[in-house]
Amino acid sequence: MIEITLNGAARAIDASPEMPLLWALRDVAGLTGAKFGCGVGLCGSCTVHVDGVAERSCLLRLSDVAGKAVTTIEGLHPEGDHPVQAAWRELNVPQCGFCQAGQIMQAASLLSAKANPSDAEIMAAMDGNICRCGCYERIVAAVRLAATGI
Amino acid sequence: MLKYLKDSGVALGAQVQAAAGAVVIRAVDRRTFLKGSGLALAAFASPAAAFEAWPTGGEAMPRGLVADPLVFVSIDPDGTVTIMAHRSEMGTGVKTALPMVLADEMGADWGRVTVAQAPGDEPRYGNQDTDGSRSMRHHIQTMRQMGASVRQMLAEAAAARWGVGANAVRVGVHVVENPATGATLGFGDLAAEAMARPAPPREALTFKSEAEFRYIGKENIRPVDLRAITTGAAIYGADMRLPGMRYAVIARPPVAGGTLASYDATDALALPGVERVETLEGAALPGGFAPLGGVAVIATSTWAALEGRAALKITWDHGPHASYDSEAFSAEMAATAGKPGKVIRDRGDYDAAKAGAARVISATYHQAHMAQAPMEPPCAVADVRDGEAMIWAPSQSPYTAREDIAKALGLDIGRVTVQPTLLGGGFGRKSKADFATEAAILSQRMGAPVLVQWTREDDIQNGYLHTTSAEHVEATVDAEGRVTGWLHRSVAPSILSTFAPDPGYQMPIESGMGHVDTPFATPNLRCENGQAMAHARIGWWRSVSNVPHAFAAQSFAAELAHALGRDQREMLLELIGPARVIDPKAEALPEDMWNYGEPYAQFPIDTGRLSNVLNVAADAAGWGAEMPAGEGWGLAAHRSFVSYVAAAVRVKIVDGLIRVPEVHMAIDCGFAANPERIRSQMEGAAVMGMTATLYSGVTFRDGAVQQQNFNDYRMARATNFPERVHTHIVAHPFSVHATGVGEPGLPPIPPALCNAIFNATGKRLRSLPIGETIDA
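Chains as they are written, first to last, in the working numbering: chain A, 1347 to 1496; chain B, 16 to 791.
For reference, chain A alone in the conformation it holds in the complex:
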C-alpha cells in the first residue's frame, strides 16, 4: 500500500511498490487519462505532474512517488479549463488526441516554471512528447497562446 496525494485527494494505492506509476494509475487507480505509448520514456504520452513537475509516469515506480502529490490530466483543473486546456481547444490542436493529455501536462509544467517562454524554449520543452498525427505547429502556438493570450 503506497500513500500518495492523487489529484488533490489522499489515496492509498494497493499495488506493488515496483509497479510503474503509469500502470498503477491506469489499472489500479482507474485513471486512464495518462496514456501508454512507449513504456520507456521516449514519447511523453504518459506525462503527469509529481509535486507540480512533469514526469514520465512509465519511468517512475509507485514507491518513487510515496508521499508526493501526483496530478494527472483528470486533475489538472477541476472543470478542465486550465489555460493550457483552453488554448488547446481554441486552436483545435488535437487530431487523434491520444498524446494530447501528455502534451498538455508537459506544457502546463513548463508554464508553471516559466510564465512566458520563447518559441525555442517551448519547442525544447515539448521535444520529449511525440505526436504522430503531427500537431506540433499548433502545439507550439497553443503553448504561446496559453502563456501570452496571443
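Hints should not be assumed to be uniformly reliable.
[Claimed, not checked] Short, incomplete list of chain B residues facing chain A, as computed with Cβ under 8 Å: (1) 278; (2) 357; (3) 699.
[Unchecked claim] Here are some chain B residues the structure puts well away from chain A; computed CB gaps all over 10 Å: (4) 277; (5) 287; (6) 370; (7) 463; (8) 515; (9) 585; (10) 703; (11) 719.
Derived from the structure by calculation, the hints contain no laboratory data.
Values in this document were obtained by computation on a predicted structure and should not be read as measured data.
For each residue, glycine too, the CB sits at the ideal point set by N, CA and C.
With chain A held as given, fit chain B onto it using these hints.
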C-alpha cells in the same frame, strides 16, 4: 452491456454512453416505427435541384451506402438530436464532419446535436471501413439526403399538426414555423410524429443552396471530442474498465510465419499478479487479419502481464522467412528493377524512343519498410461470456473486426458486438483487427473481460508493415533536348501476399497508386512491374504505394530538369502536359486500372487540376527566388485518392541538420466540406511525410525486425518539424465532387523534401529514409 458501463465505477466518456444507449435502446424504437408505419409517402412537388446526385464507388463497397434517416438520426422530446457517426475517428475529424453535414442540411442547431459512435453493423449503416480517404467522398451525399429527409419529415409533422399543407411551413434552425400564423414548433415537439413518418424518397426532397449552409464548408464547428480529449475523459482502446477485467500481453513469433516450438511458463506463473498463461494458435501464412499466435500472459495488471511475459522461456520455429535480410533484399530488388519487367502500361514505343535517343537518363530509388506506429499501440477490450461477445476496439473497420471475431469465437455474428472507441491514430494499421481478435479469444477462455495491450516493440516488430521498394525511372531525350520517353519500373512486395499465395507482383490497386496512372503526357511511356516476394506481413500505411511511386516519379522529374538545365516547375508542368481530362483509351491506361474504386467518369484524371495545385504551391513559395546557401525549395505534385496535392517544401541545413522551416500545401479535394480539418490533415501530412523521409526505416535480419521503439524508429519531434505549414485549398462549388484528405497530403512530401535538399546542397538522395543530417 449498459450494465457493465454503469457498474465499471470509472467515469466514462459521454460519447461511449451515448453510443451504447443509442444502439441498445433507440434501435428498437426505430424498428418499431419502421414496421408500424403504413403511411403514404409524402408528395412534395419540388425537385431536388440544389444538387444533382452523382455515382461514387460507395455503392460498390461491401454493404454499400445507407441513406435511411431513421438509422442515423433520432430526436429526443427535449430537442436533442443524436446523429450516428458510422465511420471511425482516428484524427481526421470524420466523426464530426459527416454528422455536421447532416445536421446542417436538416436545420439542426449544432449546439443541440449529440454525436454517437455506431457499432460495427454494416447491414444497418452501410460500409464502415474507414480508410482510403473515402468517408467524405462516399458519404457526403447520403448525409445531405438524410438531413433533407428529416427536415421534410419535421415539416410534414408540423403541417399535419397545424392542418396546413407541408409547403406552407418553413423549417428554421431547430424549429418549424408557420409563416401565416407565426406559430412555431421545436424539433423536440415534433420528434415523435416526425420520426414515425416514412422517409421520403430522394426525388421528393429539397436541398439547401450553398448560400444557406451554416456549417458545411465553414470554420465554425469544432471536433466533437475536443473537450473530452483535453480533459482525459476520451475513451480510447485501452480505456474501458470493466469489473473483473484481466490484462494480457502476448509474446508473438518474431518472424512472420513462425510458430511456437516450446515454452516454459514456470517462472512467469510464479510472479505476483500473473494468473494464467495461454497459447494462441497462429494462422498459417497468408494469414490475413488473423492473430500471429504465441504465448499470452493474463494478469491482474498490465505491468504484471509484462513482467510475466519477460519471464517466459520460449523457443520459436522461425518458419520460411527465417533468413529474411532486408539489406540483401534491397539489392535484389534493385537488380530486378534494372531488368525488363511485366509491362502494365505501354503508350507509343518506348524501345524506339530509347533507340533513337540522344540521351537516356535514369535513376533508381529505394524505400525501406515502415511501421504505422500510431501513438496508441494496438489494444482492445473484450468481454465474452455466456455466448455473447462485446468488444471495444480502436478499429478502422469495426464490421470486418466483428466478422473476424465471430469466426474466431465460433459465434453467430449476431451475438458479437464491436464498438469502436476513439482511435489513437490508425494510418492503416487498425484496419486489421488481429489485436481485437486476440482479446476476444482470451476473454472467451478466461470467462472474464480481458484487455490486450501491445507494447511499442510489439507494434513495430509484429505489425503489418508498409512494403519496401525499388523504383527505376528512365527518360529518353532527343537531340533537341525534348523528353520523348518515360519508363517507370516498380519492384515491391505486394499487400496481396497477406491474403493469398504471393504472386510477387503488385496488384492493380497498388499499381493504380501513382504508377500506371501517371498523368505524364510523354509520348512514349511504359510502366513495368518486377517480381518481389514478401517476407513479412505487408499492410497498408497512410497513402500506401503512392509513397514509393510518387517519391520516384517526382524526384526524377526534378533530376531530369537538372540534367537538362531546365526549371523544375517548368519541367514538371511540361511532363504533365496540356490541361486535359485523360482519355483512358487514347492514353493507354490499362483496362484494369484502379481509380481508387471510383467511377472514372465522375473522378477522372484531370491534369489541369494537378498543374494548378503545383502552380498554387510554387507561387505561394515564391518559387524561383534566389536562396541563401544551404537553403532551397523543392516541389512535388501528385494525384492520389482522387485528390490533387502539391507541396513546396523549404529546407534549411543548420549545422548539418535538415530543418524544414516552411511548407506550402495546395490541395484540390473538390468541394471543401470541412476546411479546418483539411488544414490539420495537411499539417499532419507534412510532419508524417518528414518523418517518413528522415527516419522511417524498419529493417530485418535473420527474419526479425531490428528496430524496437522510438529510440531507433524515430519520429519528427517538436524541435525539428515543418514549422509553418500554409494550406491552400482550391475553392469549388458543391457540384465539384468532394474527395478526401486523410492520405493525399503525404505522397508529395518525401520527393519535395528531397528535391529541396538537392536545391540546398546539390546532393541527390534516392533512398528512404535519408537520415536527419547531411553535409552541406
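Hints not upheld, ascending by number: 1, 2, 5, 10
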